Amino acid sequence: FQDFSRVIDWSTRSLTAADRVFEVLDTEPDIADAPDSVSLPEMQGAVEFEHVTFSYDGGRQVLTDFSLDVKPGEMIGLVGHSGAGKSTIISLLARFYDVDDGAIRIDGVDVRKIRACDFRRQLGIVLQEPFLFPGSIRDNIAYAKPDATFEEIMRAAKAANCHEFVLKFPDGYDTQVGERGQRLSGGERQRISIARAILHDPKILILDEATASVDTETEKQIQEAIARLVRNRTTFAIAHRLSTLRHASRLVVMKEGKMVECGTHDELMDKDGVYAELVRIQNEVNRIRAV
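For the sequence shown, this note's numbering gives the first residue as 1, with consecutive numbering after it.
None of these hints come from the bench; they were simulated from the model.
All values reported here derive from a predicted model rather than from experimental measurement.
Hints are not guaranteed to be accurate.
[Unchecked claim] Mimicking BS3-like on lysine-lysine, the simulated pairs with C-alpha atoms at most 25 Å apart in a straight line are:
{"no.": "1", "residue 1": "K255", "residue 2": "K271"}
{"no.": "2", "residue 1": "K220", "residue 2": "K158"}
{"no.": "3", "residue 1": "K271", "residue 2": "K71"}
{"no.": "4", "residue 1": "K145", "residue 2": "K158"}
{"no.": "5", "residue 1": "K271", "residue 2": "K258"}
{"no.": "6", "residue 1": "K158", "residue 2": "K168"}
{"no.": "7", "residue 1": "K220", "residue 2": "K168"}
{"no.": "8", "residue 1": "K258", "residue 2": "K71"}
{"no.": "9", "residue 1": "K113", "residue 2": "K71"}
{"no.": "10", "residue 1": "K255", "residue 2": "K71"}
Use the sequences and the hints to build the structure in full.
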């Protein structure tokens, strides 16, 4: 009877989960192509935020009158305390949401007018917690380009500093990573996600805390991989460690949803404003931790 009860319970939970899956599949996406959407098969990577204002679900404004012109190939570091608006900027750029007011343009075209398939094909995202699906290392890298040759996959892996650790596994590139990549370390998962982005070859790249929660040696390897990845790509980067952003083309300092400073690391340090204070605070914290 107990076994029968367990079967009934399992069946009920399975059906409930299936209902949720079908409910999601039946849901119309909030962001859809406009009737007059245009194709943009080859982006240059110029990005313009024009007086952008945004709030989640009509609540408090989390981004207010934000404007920024970014040239193709520039790297923009987004800096500020938690809740300052950094993640909102990249979420709007990735078009997870549409702006309330103002506009975001890619190569002069309003992102709301660009066909989603064209836009997403040329956008790359590397997150703090990269998503790997159950399957082999080879499959996870090739997800960005299903028709990639094994040589292309290996080339991307080498550029991402993960070829050597992959070869240490008995099955090499056929090694199964497990659910969400749980058989790999955090640094290994991150480098595989960078290899995926390199293979994807996007014009616009988003890095969200890509070196967080790893040890110093792993961070060095990830930084080397990122340096190769961002080359000649328009890049928006968020990083907890401000030192990882000091070579960005420009740093945009956010506070309470507004840009308060913009410039290079040296320019903002000379200004001795919000950014310089953030750097001093972080240096002091690092000094205390090192004691």
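Hint check results:
1. For the suggested pair K255 and K271, the alpha carbons sit about 17 Å apart, so the restraint of at most 25 Å is met.
2. Taking the CA atoms of K220 and K158, the gap is near 15 Å; set against the 25 Å cutoff, the hint holds.
3. Only pairs whose Cα atoms come within 25 Å are accepted, and K271 paired with K71 is accepted, the gap being roughly 24 Å.
4. In summary, the hint linking K145 to K158 is supported, as the alpha carbons are separated by about 16 Å, within the 25 Å threshold.
5. For the suggested pair K271 and K258, the alpha carbons sit about 18 Å apart, so the restraint of at most 25 Å is met.
6. This hinted pair checks out: K158 and K168 have alpha carbons roughly 14 Å apart, not beyond 25 Å.
7. The suggested pairing of K220 with K168 holds, with an alpha-carbon distance near 20 Å, which does not exceed 25 Å.
8. Between the alpha carbons of K258 and K71 the distance comes to roughly 21 Å, so the proposed pair stays at or under 25 Å and holds.
9. Restraint check for K113 and K71: satisfied, since their Cα atoms lie roughly 20 Å apart, inside the 25 Å limit.
10. Between K255 and K71 the alpha-carbon distance is near 23 Å, which keeps this suggested pair within the 25 Å criterion.
This entry satisfies every hint, going by the numbered hints stated previously.
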